[in-house]
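So the sequence lines, in the order shown, correspond to chains X, L, Y and P. Heads up: the first sequence begins at 1 in this note's numbering, then just goes up one per residue. Heads up: the second sequence begins at 1001 in this note's numbering, then just goes up one per residue. Heads up: the third sequence begins at 2001 in this note's numbering, then just goes up one per residue. Heads up: the fourth sequence begins at 3001 in this note's numbering, then just goes up one per residue.
Everything labelled a hint here was simulated from the structure, so no lab data went into it. Everything numeric in this text was worked out from a predicted model, so none of it was measured. Just so you know, even glycine gets a beta-carbon here, dropped at the ideal spot from N, CA and C. Check the hints yourself; a few may be wrong.
What the hints assert, rightly or not - Derived DMTMM-like pairs: lysine to aspartate or glutamate, alpha-carbon spacing no greater than 20 Å straight-line:
no. : chain 1 : residue 1 : chain 2 : residue 2
1   : L       : Lys-1124  : Y       : Asp-2322
2   : P       : Lys-3232  : P       : Glu-3335
3   : L       : Lys-1124  : Y       : Glu-2335
4   : L       : Lys-1003  : L       : Asp-1021
5   : X       : Lys-3     : X       : Glu-186
6   : P       : Lys-3352  : X       : Asp-312
7   : Y       : Lys-2352  : L       : Glu-1186
8   : Y       : Lys-2019  : Y       : Glu-2291
9   : L       : Lys-1281  : X       : Asp-307
10  : Y       : Lys-2265  : L       : Asp-1307
11  : X       : Lys-281   : L       : Glu-1015
12  : Y       : Lys-2265  : L       : Asp-1042
13  : Y       : Lys-2352  : L       : Asp-1307
14  : X       : Lys-124   : P       : Asp-3262
15  : L       : Lys-1281  : X       : Glu-187
16  : X       : Lys-195   : Y       : Glu-2335
17  : L       : Lys-1195  : P       : Glu-3335
18  : Y       : Lys-2232  : Y       : Asp-2322
19  : X       : Lys-281   : L       : Glu-1046
20  : P       : Lys-3352  : X       : Glu-46
21  : P       : Lys-3265  : X       : Glu-46
22  : P       : Lys-3265  : X       : Asp-42
23  : X       : Lys-124   : P       : Asp-3298
As the list claims (entries may be wrong) - To be clear about the criterion: a stretch of chain P counts as covered by chain X if any three or more of its residues have a C-beta under 8 Å from a C-beta of chain X, and this derived list gives those stretches:
no. : region
24  : 3043 to 3054
25  : 3161 to 3175
26  : 3326 to 3335
Here are the chains, one letter per residue:
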Amino acid sequence: MAKLTIAQALNQALESALTEDPAVIILGEDVGRDGGVFRITDGLFEKFGGERVIDTPLAESGIVGTSVGLAMAGMKPVAEIQFFGFIYETMDQIASQAARVRFRSLGRYSAPMVIRAPFGGGVKAPEIHSDSLEALFTHTPGIKVVTPSNPYDAKGLLLSAIDDPDPVLFLEPMRLYRAFRDEVPEEAYRIPLGKANVVREGTDVTLIGWGPSMALILAAADELVAQYDVSPEVIDLRTLTPLDEETLVASVQKTQRAVVVHEAVRTSGFGGELAAVIQEKAFLYLEAPVLRVTGYDTPYPMTMFEDLWLPDTSQVITAALASVRF
Amino acid sequence: MAKLTIAQALNQALESALTEDPAVIILGEDVGRDGGVFRITDGLFEKFGGERVIDTPLAESGIVGTSVGLAMAGMKPVAEIQFFGFIYETMDQIASQAARVRFRSLGRYSAPMVIRAPFGGGVKAPEIHSDSLEALFTHTPGIKVVTPSNPYDAKGLLLSAIDDPDPVLFLEPMRLYRAFRDEVPEEAYRIPLGKANVVREGTDVTLIGWGPSMALILAAADELVAQYDVSPEVIDLRTLTPLDEETLVASVQKTQRAVVVHEAVRTSGFGGELAAVIQEKAFLYLEAPVLRVTGYDTPYPMTMFEDLWLPDTSQVITAALASVRF
Amino acid sequence: MTDGMEMFPLIQRLDEEGKLVGELGFLSVADLRETYETMRFLRTFDERAWNLQRQGVIGTYAPFKGQEAAQMGAVAALNESDWLVPTYRDWAASYLRGVPMEHGLFFSKGHPSLGDIPTGKQVLPAQVVIAAQTLHGVGVAWATKLRHEAAATVVTFGDGATSQGDFHEAMNFASVLEVPLIFFCENNQWAISVPLSQQMHAETIAQRSIAYGIEGYRVDGNDYIAVANLMKELTERVRAGEGPFLVEAVTYRLGAHTTADDPGKYRASEEEDLWIRRDPLLRLETWLRGEGQLSDDDVVAIDAESERKVEEILANFHEALDISPLVLFDNVYAEVPTGLASQRAQFEARVKEMGA
Amino acid sequence: MTDGMEMFPLIQRLDEEGKLVGELGFLSVADLRETYETMRFLRTFDERAWNLQRQGVIGTYAPFKGQEAAQMGAVAALNESDWLVPTYRDWAASYLRGVPMEHGLFFSKGHPSLGDIPTGKQVLPAQVVIAAQTLHGVGVAWATKLRHEAAATVVTFGDGATSQGDFHEAMNFASVLEVPLIFFCENNQWAISVPLSQQMHAETIAQRSIAYGIEGYRVDGNDYIAVANLMKELTERVRAGEGPFLVEAVTYRLGAHTTADDPGKYRASEEEDLWIRRDPLLRLETWLRGEGQLSDDDVVAIDAESERKVEEILANFHEALDISPLVLFDNVYAEVPTGLASQRAQFEARVKEMGA
Ligand SMILES: Cc1ncc(C[n+]2csc(CCOP(=O)(O)OP(=O)(O)O)c2C)c(N)n1
Ligand SMILES: Cc1ncc(C[n+]2csc(CCOP(=O)(O)OP(=O)(O)O)c2C)c(N)n1
Ligand SMILES: [Mg+2]
Ligand SMILES: [Mg+2]
């Protein structure tokens, strides 16, 4: 099996979707000849031509809004938003339009489309490029929010997102695009949406994350075992909404402790929702409050200081120990 | 003292701000001759003229974006967004622009501006008009989110919002605009932002809400006392962010129980954040999980069914009793 | 500076006095007689809907009175494989494309079926968010182009909508992608209380086409013959790959913005009077009478038939009110997710409890 | 259809060969000699910034090489009471308005001072979100109008930015409100990898002015004399209340989009070669040499002085790196809220712990 980066795995998924289904098209800024600023669509313009892989004008609402029309009329657009920070431009078209097509038409129409965007910090990108805004979309019924944390998941989840009959916001951890490689099967496999992944079983504390935070969590988990004799259970949500409450709650009922990790600012980050659900559904099991390791409540920092600002492994360890020793 | 509705109290606040400070201007769709679709700006165009009370073209990003420029150049714009559901159109200008002016310029510039919008359901308005999206903005450092629940607060909070050196999103409970009257002083008084209001002291359970939900909570509180011998403490947040954690946590440490009520859909509503904060800061005091009474995780319903969908007093009572009897 | 009125002269075939000043084009006298009947029915419906709101039967309603010729003309040349992408005011246009008229009432009632377009009818649900649908129109037209379908798409919107960023992005995308789309602006002179002169500085909406390097047209929107013929020509041209186009139909909202609005606050009655004389229905009537195609008795008969049809619509509407609120949960996603399913169960219990 | 090139002929005063084909206007030969020195310094800086990124001293940098005449001309006629609202690429324009050149490095470094414009200088922080600043420009100009200040505001943006909804809303607001604003488009032919012909269907950006009923101009953006004189005239006219205006400065991005970009992937070197011959710096140099205003020795001296200034900037830059990360918490709100204050304390402890 080939060892691929997340970037390569995504490229393979897109190529296979374009090959499998003539209704699939890719659109966005610089996704054509340039292959995308992160090269995720590299080679696809050359292979599938300018009718299937389209460089659009520079307008995000336009990209998502035309995708809604395309999808309602039977196509399966896969739109790229160059950086997730620019998603604000599209929020009406996502939340009031794409997410409501099925609801508004009592199921007569649907909007099977994927909006891909690189997200998260750590690559010293300019202002507005690194914001983690996933929580905003978890507040929008009608769309699914999906994010992979490794090459294997990247391919399998993206193919499922493209198959999905409803709009999917697919967030790609920018920092991990080329950070490491995994074995990725050649064939077009699917990983189901809406199911969290118990990456590592444990008994003492449940560590919960998604996307870019998984790298920190996994490193922290190793150290917790090795240095502190703590046995963490690690959950990668994969799909944020609709949330796989069962897996989450079952784990915390077992470990009786939970730590959520995300890069987004703390207040009203998705960690808040998870803490709320867990304390409600596992109240009598909890031996410690659900703790959150998150960004601070400031705008995403100027990148000179982003490494100081971003959650790191040591903070995850500290929180896990605080939970265990509560 | 005059007895005024929320609509009248807001109108009075705007009139007094326009009178006090020549830098204040009002802009938005139909805020001029028409006096706003809810008549909140009634008479102001006639009194202050078309230079201070401006009917803009139909473009929300334009309204907020020009307000950012106005504010950076020394004016104090008070912008109206006709219905909060259209706020999505402005999210880049709010979250990436207004909220970051001070941060981006290291304090050299600021954006003292107010964005007013009617919000919440219950008036059988068309699709997209009734959505409660306040949680989205609580995830944005740099702006303040304020919402009154009665005429007295409406005037005092709006005047503070206009005074504030930072951008304020000011949400007006549409359903309560003319629902009841309060004594409202003639003079221009202020109610501080960032402070929650303990509306009613109690010992058994803390009921937390804001804006339109306060009406339900207060009715439920009366019934809890009268029918169930439960003594609820009632908190009206007034300002959602920056959150007055002290007041909230102190109350729950006392009552050991909390119920949060909001109209917004449950998942990632601001109730999630509050539950997360409370369980973290008052873990050892809690006798029951923090419960949430909220909208369901669907798009805001077609209005034929909105009364069935919206939280009601009986749900608040049920949750309070569930908490007390947990 | 460009003189928009000069560059885009108003296209007219039937003038304000009901005098034919151009050809009938692809329309026969019989067509026009039928159009008159339909228009008169639509007027009857529109006025009844207004009253239904006043009686509390439905909620906020946006009347199209005065804009019938524009809306009917916009879709006059469409066929089954074409698409219509309308707004909250376009019930006349949608009706002609096969959307039952009760949908207009569903919309105002907040009935879950408001966007449940009959299968096979290529009409999108009415759009509330100003200009959002212009982008959907581009997407729909693009889809038909990608599938080589030779279909035309018509997207309708108001004058106020042209101020929105989405309108601009749609015009730009459409022109760059050369999609088979007609942007059809119902310039009814007002966006709630804001007159066109405060909505934009340009003289005409048609001249906005220049910004995108496409053709624009300004047509008398109260002249069905002119609008229909222009749309006949343009739909054929877009199907042949010559689109997109921008059409400004100059018309007037004779009524209030919606049942919640009071135009007395912001516009002069002289202006209203002026446009009452330009009424598209009156104009067609005058001409048909002049041609000997319409008598007083005919009008009485048409009104009776219109009333009958409206009663039928109302019956359908009332019958449709018996719909389970649980549908709210069934079309959020293709399948109800587990968490939502348990909320659905709670809702069901609540509904039972409340006897709703 | 409108021929944009014909309606908006390219305004030129100094042609590609460095031959004067128009008047100097308000500029003296001495002005132009000084402009050349500044332009050469700016070129030196720009190339050094590129190298600094390659050396890892700064992060992503967007070079302005090739656009110097456009940027310098855009602000040539501004005075202290005027405003500039720039983008991430407009360091040449900002510099002339009093923003120290190290801000360009701060921006690329992600240094908290990147938008800390010196007091008294009416320049907004560089904008990253495409076209967002066009609306800020409208607001700033509107503020000066409301205060009767007779000030001009210039907002700069790229060709790609004209596709954004915000650009349209800004043009429309500005024209309706008749604010003293000049929309200055640096049409450098590319938006990253997308050429103008795929960005829009219209021939020129200037013709977009027609959509808003305002005047538009198309000027050779590599001809400082033409740009500066046009802006002289237009700034005076906007101060007199005749604005807004749209200016399309036709130029070219000689370098990559940013240090993260490889133009080899998407554009032909012949095109680049063509524009290298149109280099604004070269053009001015040829003319000055022809006029006997510039010798080889002069150029050597200018280069030496440019290097010295760049070193000075670098020294300032390095000195400024010693800034506390705690500033991140101090400018979120005018006052640090309680909850944020406790986060600030945690951050402070973390910073100490990490020895940062
Ligand atoms: C994005 C958005 N902003 C505001 C509104 C509120 N609103 C509804 S109709 C309307 C005026 C629309 O004017 P126009 O486009 O001319 O259409 P008309 O109603 O005249 O047919 C406004 C402001 C809305 N529905 N959507
Ligand atoms: C809203 C938004 N979308 C996308 C980007 C990413 N981006 C940065 S520069 C650029 C191209 C801009 O082209 P143009 O406006 O012509 O300016 P130029 O870079 O050529 O000066 C893009 C797509 C962005 N910064 N903001
Ligand atoms: Mg209108
Ligand atoms: Mg460019």
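Hint check:
Straight-line distance between C-alpha atoms of Lys-1124 (chain L) and Asp-2322 (chain Y) comes to about 18 Å, which keeps the hinted pair within the 20 Å bound. Distance restraint check for Lys-3232 (chain P) and Glu-3335 (chain P): the Cα-Cα separation of roughly 42 Å exceeds the 20 Å cut-off, and the hinted pair is therefore not satisfied. This hinted pair does not check out: Lys-1124 (chain L) and Glu-2335 (chain Y) have alpha carbons roughly 28 Å apart, beyond 20 Å. For a cut-off of 20 Å, the pair hint linking Lys-1003 (chain L) to Asp-1021 (chain L) is broken: about 26 Å separates their Cα positions.
Restraint check for Lys-3 (chain X) and Glu-186 (chain X): satisfied, since their Cα atoms lie roughly 10 Å apart, inside the 20 Å limit. Straight-line distance between C-alpha atoms of Lys-3352 (chain P) and Asp-312 (chain X) comes to about 15 Å, which keeps the hinted pair within the 20 Å bound. Pair hint Lys-2352 (chain Y) plus Glu-1186 (chain L) does not hold up; C-alpha atoms about 48 Å apart against a cutoff of 20 Å. Restraint check: the Cα-Cα separation between Lys-2019 (chain Y) and Glu-2291 (chain Y) comes to about 10 Å, which is no more than 20 Å; the hinted pair holds.
With a C-alpha separation of about 27 Å, the suggested pair Lys-1281 (chain L) and Asp-307 (chain X) falls outside the 20 Å cut-off, and the hint is violated. A hinted pair counts as satisfied when its Cα atoms are at most 20 Å apart, and Lys-2265 (chain Y) with Asp-1307 (chain L) does not qualify at roughly 32 Å. Distance restraint check for Lys-281 (chain X) and Glu-1015 (chain L): the Cα-Cα separation of roughly 49 Å exceeds the 20 Å cut-off, and the hinted pair is therefore not satisfied. Proposed proximity of Lys-2265 (chain Y) and Asp-1042 (chain L) is supported: the alpha carbons are some 11 Å apart, at most 20 Å.
For the proposed pair Lys-2352 (chain Y) and Asp-1307 (chain L), the alpha carbon gap of about 14 Å is at most 20 Å, so the pair holds. With a CA separation close to 19 Å, the supplied pair Lys-124 (chain X) and Asp-3262 (chain P) stays within the 20 Å bound. For the proposed pair Lys-1281 (chain L) and Glu-187 (chain X), the alpha carbon gap of about 49 Å is over 20 Å, so the pair is violated. Of the pairs offered as hints, the one joining Lys-195 (chain X) and Glu-2335 (chain Y) holds, with about 14 Å between alpha carbons and a cut-off of 20 Å not exceeded.
With a CA separation close to 14 Å, the supplied pair Lys-1195 (chain L) and Glu-3335 (chain P) stays within the 20 Å bound. Note on Lys-2232 (chain Y) and Asp-2322 (chain Y): the hinted pairing is violated, with a Cα-Cα distance of about 41 Å set against a maximum of 20 Å. For the hint pairing Lys-281 (chain X) with Glu-1046 (chain L), the CA-to-CA distance comes to about 56 Å; that exceeds 20 Å, so the pair is violated. Pair hint Lys-3352 (chain P) plus Glu-46 (chain X) does not hold up; C-alpha atoms about 52 Å apart against a cutoff of 20 Å.
At most 20 Å may separate the alpha-carbon atoms for a hinted pair to count; Lys-3265 (chain P) and Glu-46 (chain X) meet this at roughly 12 Å. Simply put, Lys-3265 (chain P) and Asp-42 (chain X) have alpha-carbon atoms about 11 Å apart, close enough for the 20 Å limit, and the pair holds. A threshold of 20 Å between alpha carbons decides the hint, and for Lys-124 (chain X) with Asp-3298 (chain P) the separation of about 40 Å lies outside it, so the pair is violated. Against chain X, the region 3043 to 3054 of chain P contributes 0 residues with a C-beta closer than 8 Å to a partner C-beta. That does not satisfy the three-residue criterion, and the hint is violated.
Residues of the region 3161 to 3175 of chain P lying with their CB closer than 8 Å to a CB of chain X number 4, which satisfies the three-residue condition for coverage. As drawn, the region 3326 to 3335 of chain P meets chain X at 3 residues by the rule of a beta-carbon pair under 8 Å; at three or more, the given contact holds.
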